[in-house]
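Asks: Same order as they appear, the protein sequences are chains A and B. Each position in the first sequence, counted from 1, maps to that position plus 4 in the working numbering. Each position in the second sequence, counted from 1, maps to that position plus 152 in the working numbering.
Worth flagging that the hints you see were computed from the coordinates, not collected in a lab. Be careful, since some hints might not be right.
A partial selection of chain A residues facing chain B, derived with a Cβ cut-off under 10 Å [as the list claims (entries may be wrong)]: (1) Asn-11; (2) Lys-115; (3) Arg-154; (4) Ile-182; (5) His-188; (6) Leu-191; (7) Gly-192; (8) Arg-199; (9) Ala-204; (10) Asp-206; (11) Gly-209; (12) Val-212.
Just a sample of chain A residues kept apart from chain B, beta carbon distances all over 12 Å, derived [stated by the list, open to error]: (13) Thr-40; (14) Thr-122; (15) Val-181; (16) Asn-201.
Pairs of lysine-lysine, BS3-like flavour, derived with a Cα cap of 25 Å [unchecked claim]: (17) A:Lys-115 - A:Lys-203; (18) B:Lys-244 - A:Lys-317; (19) A:Lys-203 - B:Lys-260; (20) B:Lys-244 - A:Lys-307.
Where a beta carbon is used, it is the ideal one built from N, C-alpha and C, also for glycine.
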Amino acid sequence: MLQRKKNYLLPAAGATVLVLAFPFLANAFGYTYAITLACYVQLYFIAVSGYDVLFGYCGQINMGLAGFYAIGAYGSAILNEYCNIPIILSMIIASVASCVVGAILAYPCGKLQFHFLTLATIAFGNIINQILSHSPGGITGNFNGMYTQRPSLFGFDMTSTTSYYFFGLVCVIIFAVIKYHVVHSKLGRAFSAIRDNVKAADGMGINVRLYKVIAFAICALFTGFAGSMYAHLVGFISPDTFTQKQSVLFLTMLIFGGTTSFGGSLIGVVALMLVTESIRTLTGYQTLIYGVIIILVVILLPKGVFGELIGLKNRFAKKNRKHSGEVV
Amino acid sequence: MALLEANNITIRFGGITAVNNASLKVEKGSITSLIGPNGAGKTTMFNCISGVYTPNEGEILFNGKRIDGKRCFQICAGGISRTYQIINLFWKMTALENVMVGFHPRIKSSILHSLLGTRKQVQEEIELRQRAMEYLKFVGIEDTWNMISKNLSYGQQRLLEIARGLASEPEIILLDEPVAGMNTAEKAEFNKLLRRIVDKGVTVLMIEHDMNVIMGVSDYVYVLENGVMIANGKPEDVQKDPAVIKAYLGGDE
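So here's chain A without its partners, still in its complex pose (with noise of 0.2 Å):
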């Protein structure tokens, strides 16, 4: 045990030494906009992170994350220009705003399964799209969309991208902490059983419903603050962000890591993230690819790259152990 401890500590150190430098370092060598990236990946960790929970242990599909994602962003850009609170607390309320609307969603969608369940959430996610885009008295700026301010903290300004760095690095290890309470608690079990087997989760006194119901707030809860993060970084939102489009990057950001793992939301983040800037060019052809993207993963590694390198290194351990003439 000891020993294996000894062996992460290494790496676990280097990576944290690399996280907290990788602004100073991107500055120093003038990818500025690495930084940026950087930030990115953490605002979709969160929301593929909250998925995972939804997706992974629950096993229940949502197809209307644009729409959570949307209610993040806009809550919070609203509430800061037309209120006046400040952006921190703002993006809080934005993102509890988001879990309670999922949570009225999940009450009845809990009852659909698979391509129902689909078909419930892609709908949601249109309706919040055209409320975006026709809202009563243009307060979302309808398609010319709105602007928005960096937050500030206790008089910590962050408005260079550097220090909404950091704040996303907070951010990351709250919700990390989280979902790591979820998954290791009743919840998490009550999740997994649910996905398992709904009859057998029914008889041992498991409230499906109720714990559908949580999950899908979870989930929302997750996503509706990557919303309001992303709102904060960019500047400006517009309905065109908030599409289906948006959703199924989720998904295949979920799938192609892997579920129900840390290892495998960052991998699915830090992939897609790569192709997305590298297609910028072929917009219209995007969702295409991501469409791609899934069916490989789907067919070629059914347990997402995180997974599938997890069992390599399984099977690997145990060959070692049948050469060396230990007792398994």
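Assemble chain B onto chain A, guided by the hints.
Replies: Chain B in isolation, oriented as in the chain A frame:
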């Protein structure tokens, strides 16, 4: 007062009457068996008691309180646990995790505690792991704790279902054909396990086809045929009942 009482239960599916005016009583601390030919309505009766179906007519009393019409998870939390005829485990989870799901209705930490991961909740999780291990030991499959339930042998899966059922600390456990698919040695082991379950203070109601198990351990036997209770009594009396012999072996009209 009997622990579990089902009075004049009738269930219809469309035009078919699966269970017709059937009644049964389970005394506390006993092993009661429900037998009958295939398609007699035994599992339907179980599904009624555990809340999968709501009976069209009749009432089910548990500790003197009506439970018919309640949902499955409420009935489980109320103290009635069950296993399934077709094994219904959580296939991607390990044996230990399967038992830990069984604890669900008895976990004290609230959802908020779970979200925040308070010290109390973490402590409870550690205790749950130990207790889950004890339940695996109780049914005799503690070696398999880290195995994915799908990879267990058939007999082990049956035992794991019982361990998971016992984890919710029920007053009564409903076993639906618990020895189906077990070999002779496993069956002998199972008879001992049944006694230990009763010694633990858990009442047993089971459906079974294996006459050796039924006649060896049951305190009371109910016989169901075509949805009608045709006989009940001590095992040795039921064995001699002409109606039962006719139902099982056929006979002249």
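Asks: Could you run down the list of hints and mark each one as holding or not?
Replies: Going down the list of hints, with the structure as the test:
1. Asn-11: Violated. Min distance 21 Å.
2. Lys-115: Since the shortest Cβ distance to chain B is 14 Å, the answer is violated.
3. Arg-154: violated (29 Å)
4. Ile-182: At about 6 Å, which falls below the 10 Å cut-off, the nearest Cβ of chain B leaves the hint on Ile-182 of chain A intact, so it holds.
5. His-188: Since the shortest Cβ distance to chain B is 7 Å, the answer is holds.
6. Leu-191: holds (5 Å)
7. Gly-192: The hint holds - Gly-192 of chain A has a Cβ within 10 Å of chain B, the shortest such distance being about 8 Å.
8. Arg-199: At about 8 Å, which falls below the 10 Å cut-off, the nearest Cβ of chain B leaves the hint on Arg-199 of chain A intact, so it holds.
9. Ala-204: holds (4 Å)
10. Asp-206: This interface hint holds because 4 Å falls under the 10 Å limit.
11. Gly-209: Nearest chain B Cβ about 3 Å off; hint holds.
12. Val-212: holds (7 Å)
13. Thr-40: At roughly 31 Å from the nearest Cβ of chain B, Thr-40 of chain A sits farther out than 12 Å, so the non-interface label holds.
14. Thr-122: Non-interface label stands for Thr-122 of chain A: nearest chain B Cβ at 22 Å, farther than 12 Å.
15. Val-181: violated (8 Å)
16. Asn-201: Non-interface label on Asn-201 of chain A violated, nearest chain B Cβ at 5 Å vs cutoff 12 Å.
17. A:Lys-115 - A:Lys-203: holds (13 Å)
18. B:Lys-244 - A:Lys-317: holds (20 Å)
19. A:Lys-203 - B:Lys-260: Holds. Lys-203 of chain A to Lys-260 of chain B sits at ~23 Å (cutoff 25 Å).
20. B:Lys-244 - A:Lys-307: It holds: about 13 Å lies between the C-alpha atoms, which stays within 25 Å.
Hints 1, 2, 3, 15 and 16 from the earlier list are contradicted by this structure; the remaining hints agree with it.
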